[in-house]
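The primary structure of each chain is shown beneath.
There are 2 protein chains.
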Amino acid sequence: GDRAQLIDGKAIAATIRGEIKDEIDRLRSETGGEFNPGLAVVLVGERKDSQTYVRNKKKACDDCGIVSFGTDLPDTATEEEVLEVVKKYNADPKVHGILVQLPLPAHMDEEKILTAISIQKDVDGFHPENIGKLAMRGRKPDFVCCTPKGSVELLERSGVEISGKSAVVVGRSNIVGTPAAMLLQERNATVTVVHSRTKDPERYIREADIVVAACGVAEFVKGEWLKPGCAVIDVGINAVDDATKKRGYRLVGDVHFDSAVKVAGQITPVPGGVGPMTIAMLLQNTLEGAKAARERGE
Amino acid sequence: GDRAQLIDGKAIAATIRGEIKDEIDRLRSETGGEFNPGLAVVLVGERKDSQTYVRNKKKACDDCGIVSFGTDLPDTATEEEVLEVVKKYNADPKVHGILVQLPLPAHMDEEKILTAISIQKDVDGFHPENIGKLAMRGRKPDFVCCTPKGSVELLERSGVEISGKSAVVVGRSNIVGTPAAMLLQERNATVTVVHSRTKDPERYIREADIVVAACGVAEFVKGEWLKPGCAVIDVGINAVDDATKKRGYRLVGDVHFDSAVKVAGQITPVPGGVGPMTIAMLLQNTLEGAKAARERGE
Ligand SMILES: NC(=O)C1=CN([C@@H]2O[C@H](COP(=O)(O)OP(=O)(O)OC[C@H]3O[C@@H](n4cnc5c(N)ncnc54)[C@H](OP(=O)(O)O)[C@@H]3O)[C@@H](O)[C@H]2O)C=CC1
Ligand SMILES: NC(=O)C1=CN([C@@H]2O[C@H](COP(=O)(O)OP(=O)(O)OC[C@H]3O[C@@H](n4cnc5c(N)ncnc54)[C@H](OP(=O)(O)O)[C@@H]3O)[C@@H](O)[C@H]2O)C=CC1
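Chains as they are written, first to last, in my numbering: chain E, 32 to 329; chain L, 32 to 329.
What you were told as hints is all true, and nothing was included just to trick you.
Heads up, the list lumps identical chains together, so a pair's fine if it works in one copy or across two of them.
List time: in silico DSBU-like cross-link candidates among lysine-lysine, alpha-carbon distance up to 30 Å: (1) Lys-230 to Lys-171; (2) Lys-118 to Lys-143; (3) Lys-89 to Lys-171; (4) Lys-118 to Lys-89; (5) Lys-89 to Lys-119; (6) Lys-79 to Lys-276.
Please keep in mind that the hints were generated in silico from the structure rather than gathered at the bench.
Generate coordinates for the entire structure from the input sequences, incorporating the hints supplied.
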């Protein structure tokens, strides 16, 4: 039978990273070497997964010509010390983006630390003022959260029309579902946000031209729930036990891929869909931050 | 046949204003006269309607024991002068809420002036940081916009269950539709936002347990579109020509009342529904601002 067209996030992310590198090279040479976007990554504690994420982000910066700065603090660091680091980077004109790797140790007030980041360097787009501006008509946030931004970029680069369409976002977290809904609405989709307290989620999903799944529940959205021909963006990354794999598990999304691929018109795979876009958007945000700083004459 | 129960906004607003007065009286006497909530209203220009709104707000403050401050500037005032006034009130410990009456003259940057209001005195709830916090899980805005807050208060005081229900908000403005959707979602409704680019709005409205109409189109939502028994909050205020009236017009909502009242379970009239709630919520926000300032030891 028919199968959905795969949205190749890995290839699209590679294209975007190439575009970013080219633009940085061009601006650097136009300015006689003066244009040097910089990203500062703050890592607190020794979590292995966080260390890997930070390493990957720094490597991605290197690849496209973004200067990366880093401060690693021990688990025992105080909130005050982290705030000092953030303040230092806020004041540093070589730094255009600041990223505090989450989660922070439990004894720290995440909200306080994230809100201390200058909104003009908030490349993660987590600051409430940036979220508020994203929600508002006629306002422009300095930055948009990377994963939802990457999700919408995948739709746009795959030629999926958003304006006038109905969209369902499954999940309403601050960093994925909520900003994804805002971005789709900004592009004139009619958006419904489904969450854990929604009765009968398939009732909404069945009518949607676009489905963004970000609920953190492995294979939650079934193919039978989908409207034939719809576009599916699967943000989920879940490890499920799999004895046939060397590592003992495999990664699946928040969509039941095997059934969904038979109904959807377009679909992202997991892995290789939204995942690679998140870092590409972080690089893009850092470049945008550097360009905005230059326009402000900094 | 059956008719919907009317949600009497006038009566509910009067009850709330009584509660506010009682709480202020109590706190004032508990503090030996030290507790004096203050609202500052900034009016620029000579628009008759704006002057009436400002007069009504000040009168409402008087009635419940809120001290009102006011600065009236001419149409010819500069943006800088308005910003100076805002700054003065930001710094004034007797002022717990600052309201800049909209619209501002065309030569002023509304965004810049509204964003200059301290978020801790932003009783209109228009600051992007307050909107962002309203959108986010686990964050609390200092203030919530008055009209949407009043709309949800009407539902709650009428015993309409919100959690687990489906809601449609018609309209996505910064001051009504968007925050109304956020408030309903916070209370665990599954919310769809319909706007001018939505194809087939009745398709969404037909399925909704709760409809909030805020599109500024007279009698837009028809009774035939409604799910029997649903709750309808009509935010609209539109003047339509009516030769049988002395003034030559009458006020109607964004819902076609005569057909809707036959299908809905509960409905707000226009006038006398949401309208009176807006000022009541402004008073409530000012009281909350004064209580928060007191807790901060100001
Ligand atoms: N590709 C990437 O780079 C990234 C991928 N992710 C992945 O995306 C997914 C979502 O992440 P995140 O937003 O951080 O997750 P959160 O756990 O923060 O949020 C999950 C959301 O889904 C909702 N939800 C939970 N269960 C259900 C259910 N049964 N039905 C409907 N809604 C439900 C929750 O509702 P409620 O609010 O009611 O609790 C909540 O809003 C995860 O799989 C995560 O691994 C996340 C970030 C980056
Ligand atoms: N009771 C009270 O105290 C108050 C009442 N009001 C009343 O509430 C109503 C809304 O006010 P406000 O939010 O400021 O208005 P705006 O004009 O700022 O916003 C109207 C919204 O409705 C949408 N819309 C317009 N036409 C249609 C249509 N045909 N179908 C679906 N959606 C449509 C617009 O969509 P798009 O974004 O695509 O343009 C927009 O989002 C008005 O009637 C106003 O008088 C307002 C404030 C206070």
